[in-house]
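**Q** Put together the whole structure using the sequences plus the hints.
In order, the protein sequence lines correspond to chains R and C.
The opening residue of the first sequence carries number 1 in my numbering; numbering runs sequentially from there.
The opening residue of the second sequence carries number 439 in my numbering; numbering runs sequentially from there.
Treat the hints with care, since some could be wrong.
Just so you have them, the derived chain R footprint on chain C, three or more residues with Cβ under 8 Å [stated by the list, open to error]:
1. 489-496
2. 642-651
3. 674-682
4. 782-790
Facing chain R, a subset of chain C residues (Cβ under 10 Å, in silico) [said to hold, decoys possible]:
5. S505
6. T633
7. S636
8. V666
9. V766
10. V794
11. S837
12. R867
Quick caveat, the hints were computed from the structure, so don't treat them as lab data.
From the three backbone atoms N, C-alpha and C, an ideal C-beta is built for every residue, glycine too.
There are 2 protein chains.
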Amino acid sequence: MAYLVSEPPASHHHNDVTGKGFKHLTPTNEALEALMQEVPRRVIEVETVPLLSALGRILGHDLMSPSDIPPFDRAAMDGFAVRAEDTYGASAGSPILLNSIGGVGIGVVPTVSVRKGDAASVVTGGGMPQGANAVVMVEYTKQTRNGSVEVSGEVHPGENVSRIGEDVRKGTVVLKEGTRLLPQDIGMLSYLGFTEVSVKHRLKIAVLSTGNEIEEKPESTSGKVPDVNRPTLLSAVRELGCEPIDVGIAPDEFSEIQDKLRGAVAMSDIILVTAGTSVGPGDMVPRVIDSLGKPGMLVHGVAMRPSMPTGLGVVNGKPIVSLPGYPVSAYIAFLEFVPSLVNHLLGTNSLPRPVVKARLRRRVAGVLGSRTYVRVQVSESGGNLFADPVRTSGAGILSSLVQANGFLIVPEHVEGYEEGQTVEVELFRPVEREQAAK
Amino acid sequence: MAYLVSEPPASHHHNDVTGKGFKHLTPTNEALEALMQEVPRRVIEVETVPLLSALGRILGHDLMSPSDIPPFDRAAMDGFAVRAEDTYGASAGSPILLNSIGGVGIGVVPTVSVRKGDAASVVTGGGMPQGANAVVMVEYTKQTRNGSVEVSGEVHPGENVSRIGEDVRKGTVVLKEGTRLLPQDIGMLSYLGFTEVSVKHRLKIAVLSTGNEIEEKPESTSGKVPDVNRPTLLSAVRELGCEPIDVGIAPDEFSEIQDKLRGAVAMSDIILVTAGTSVGPGDMVPRVIDSLGKPGMLVHGVAMRPSMPTGLGVVNGKPIVSLPGYPVSAYIAFLEFVPSLVNHLLGTNSLPRPVVKARLRRRVAGVLGSRTYVRVQVSESGGNLFADPVRTSGAGILSSLVQANGFLIVPEHVEGYEEGQTVEVELFRPVEREQAAK
Numbered sequence: 001m002a003y004l005v006s007e008p009p010a011s012h013h014h015n016d017v018t019g020k021g022f023k024h025l026t027p028t029n030e031a032l033e034a035l036m037q038e039v040p041r042r043v044i045e046v047e048t049v050p051l052l053s054a055l056g057r058i059l060g061h062d063l064m065s066p067s068d069i070p071p072f073d074r075a076a077m078d079g080f081a082v083r084a085e086d087t088y089g090a091s092a093g094s095p096i097l098l099n100s101i102g103g104v105g106i107g108v109v110p111t112v113s114v115r116k117g118d119a120a121s122v123v124t125g126g127g128m129p130q131g132a133n134a135v136v137m138v139e140y141t142k143q144t145r146n147g148s149v150e151v152s153g154e155v156h157p158g159e160n161v162s163r164i165g166e167d168v169r170k171g172t173v174v175l176k177e178g179t180r181l182l183p184q185d186i187g188m189l190s191y192l193g194f195t196e197v198s199v200k201h202r203l204k205i206a207v208l209s210t211g212n213e214i215e216e217k218p219e220s221t222s223g224k225v226p227d228v229n230r231p232t233l234l235s236a237v238r239e240l241g242c243e244p245i246d247v248g249i250a251p252d253e254f255s256e257i258q259d260k261l262r263g264a265v266a267m268s269d270i271i272l273v274t275a276g277t278s279v280g281p282g283d284m285v286p287r288v289i290d291s292l293g294k295p296g297m298l299v300h301g302v303a304m305r306p307s308m309p310t311g312l313g314v315v316n317g318k319p320i321v322s323l324p325g326y327p328v329s330a331y332i333a334f335l336e337f338v339p340s341l342v343n344h345l346l347g348t349n350s351l352p353r354p355v356v357k358a359r360l361r362r363r364v365a366g367v368l369g370s371r372t373y374v375r376v377q378v379s380e381s382g383g384n385l386f387a388d389p390v391r392t393s394g395a396g397i398l399s400s401l402v403q404a405n406g407f408l409i410v411p412e413h414v415e416g417y418e419e420g421q422t423v424e425v426e427l428f429r430p431v432e433r434e435q436a437a438k
Numbered sequence: 439m440a441y442l443v444s445e446p447p448a449s450h451h452h453n454d455v456t457g458k459g460f461k462h463l464t465p466t467n468e469a470l471e472a473l474m475q476e477v478p479r480r481v482i483e484v485e486t487v488p489l490l491s492a493l494g495r496i497l498g499h500d501l502m503s504p505s506d507i508p509p510f511d512r513a514a515m516d517g518f519a520v521r522a523e524d525t526y527g528a529s530a531g532s533p534i535l536l537n538s539i540g541g542v543g544i545g546v547v548p549t550v551s552v553r554k555g556d557a558a559s560v561v562t563g564g565g566m567p568q569g570a571n572a573v574v575m576v577e578y579t580k581q582t583r584n585g586s587v588e589v590s591g592e593v594h595p596g597e598n599v600s601r602i603g604e605d606v607r608k609g610t611v612v613l614k615e616g617t618r619l620l621p622q623d624i625g626m627l628s629y630l631g632f633t634e635v636s637v638k639h640r641l642k643i644a645v646l647s648t649g650n651e652i653e654e655k656p657e658s659t660s661g662k663v664p665d666v667n668r669p670t671l672l673s674a675v676r677e678l679g680c681e682p683i684d685v686g687i688a689p690d691e692f693s694e695i696q697d698k699l700r701g702a703v704a705m706s707d708i709i710l711v712t713a714g715t716s717v718g719p720g721d722m723v724p725r726v727i728d729s730l731g732k733p734g735m736l737v738h739g740v741a742m743r744p745s746m747p748t749g750l751g752v753v754n755g756k757p758i759v760s761l762p763g764y765p766v767s768a769y770i771a772f773l774e775f776v777p778s779l780v781n782h783l784l785g786t787n788s789l790p791r792p793v794v795k796a797r798l799r800r801r802v803a804g805v806l807g808s809r810t811y812v813r814v815q816v817s818e819s820g821g822n823l824f825a826d827p828v829r830t831s832g833a834g835i836l837s838s839l840v841q842a843n844g845f846l847i848v849p850e851h852v853e854g855y856e857e858g859q860t861v862e863v864e865l866f867r868p869v870e871r872e873q874a875a876k
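**A** So this is what it looks like as structure tokens:
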């Protein structure tokens, strides 16, 4: 049986909570754990890419600094480079006179050399002249007519000097394997002289839709419908920074699904297949997965709403996520499992979704024992945030996810939330300001 | 004066809080407001891109649904399509018998027609046969040997039917201009038959570095240093989904900076220039901006730490952000101003950074009257989150931003936070689990 609109919204729960036909529903964290145990973190191959193309990629190795930063002792302030000892005792009341011996510009090698009693003018970022070990800030100096410098404050050795290697010492690890490269990392690596960098290969994620009713471009009178899941999931894969592989549509035929899935296992790191994942006689995806190799299906039926008929399996060491056909369910199950799986394989982490607190405008029912993703619209009104559950009755193909800007996730042990209660909402779009009513 | 390392860490504040040489520091929100008033939201040109390439792009127009979803009345449950009136009074104790007239598969046009007393088997997602107005769920039916169907529950008209247009009605706006397209939006638009979509042009953002001491590939003994700001900012521009334009490096020469900036204004939507933005005689960027056209500089000196010497200007309707040369300051000022500016020009919004609460492991000093970005490392230990300020003494080129995973932003009116206090940290990298001490 295909599954395009067959999952009832959570609020209906006309069946018992263990789900239609599923004898046991696995909590989502246990389901993920079972999958990860079977797919240990492999060594993902690395590739070398130009540094400026590496933004967002995952570092393949620890990177050590090939040089010191700063690369030489530098003035950290505008002023005069001196031997600190020569300033001891200087104060506004009793300044000390030093010989002005010229200056050091920025971006040039210092040519002057500071000896006992000398002072050389320096600018921030400029190299320290030989012999000097401190900088007197310009505010504590006065140049006199006869070529001397009056110093009205003492400095200790090293004061106002950026020492070579002070920021980054040659040979230390600046970025660890598994780091997702941010703009400042690119800047740092560029500063250190890297022009390319080893990053982990993008994971290939195959996406297959199944169902007799799905067609690429159906005639409106054909009884067929267009595919929602493939464009959604291919985009979601791209958003994760992975490489989507479009395996197309298979009708509800065992051998056709088997052929497509076998091909997908061969050419990708993770396989996503939608529909045919329930427990009816026409739901053959789990059996196909079992037919492809050991261990096959690990989990079938998860304790979440929507997306309960999700299955997780492994074939040839490749994880296969069997997603429901109902588009909202397919995408929410994707979000629950696939990003974590990708991070696990790549040995990295990602940022959580931003969370806001908002007052519920309507009661929300969870399902005891299940993790429920309620789609809500959070809006701001008079400086307060409010959350309206998006109506999900009827054949909500994807419109609840298009209208919503966040998930209110009701955990397994919570029955629901009351109207007026303050809840935490995970945002996937920004909060909008409510139009003032006229 | 070039500005590579010249901004002292906020904790030094050896000068008075109005900043070195700046007579007035503008609060960051006022500075941004002044800039936006001068650069009103323009109509950004749109371009048509293939739908599957539109992820993350900003929708150029409101999009209306060209068709109804579902495209036809569909069964929302497996069961029997009937005339609801024929089931009235049916119950487990007194079932009603209807004539079984065959069935409707999925993905085909129904050929049977339901008349008074008839029942046609249907599957979820399949088209409703003519004449039927409700579906009796299979759980409330029993097929008898003689070709009849025993119905043990009544249904009302419309029950278990997804009506044509119920999810999305033809002609309604499904996605509004200014929406940043998410995977589910791509799926929805694909379902509606869109193969391409009008999105706003990517904004072009030019990046220029200035400074005599900066060189693309300096010899280690030359007194020159490599450029950190351009690779960082070009990457940051890309991360915003904009198109970076590399304008290179200009030495501290008025006419050379002027030439480069004039070119940048001509070919981009926003111009970023680093260094030369303080108030010394060698800091000529503000004067160059004023020389290029009206209104020139609007704000010079902002009430934030680091990044105080930031300037904001407008030339030929194009915003120019004059960022400090000190790399940490340049990037933090970028984050404070440029994403908001991009959203303003594109008429869109973006998600906030995720925020976590963590206990401070060390005291943090703010600067009254300034918005202070403290770089912290948030880690998890024993189920609790802790925030350690990253040491920022010395010439912290970028290493504080490379080591940190979040910002503790101390607002203008707060003097600082005490050790042990719980603070909110905006994360830009995931929280790491602390290694247990041996």
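**Q** Which of the numbered hints are not met once you compare them with the structure shown?
**A** 7
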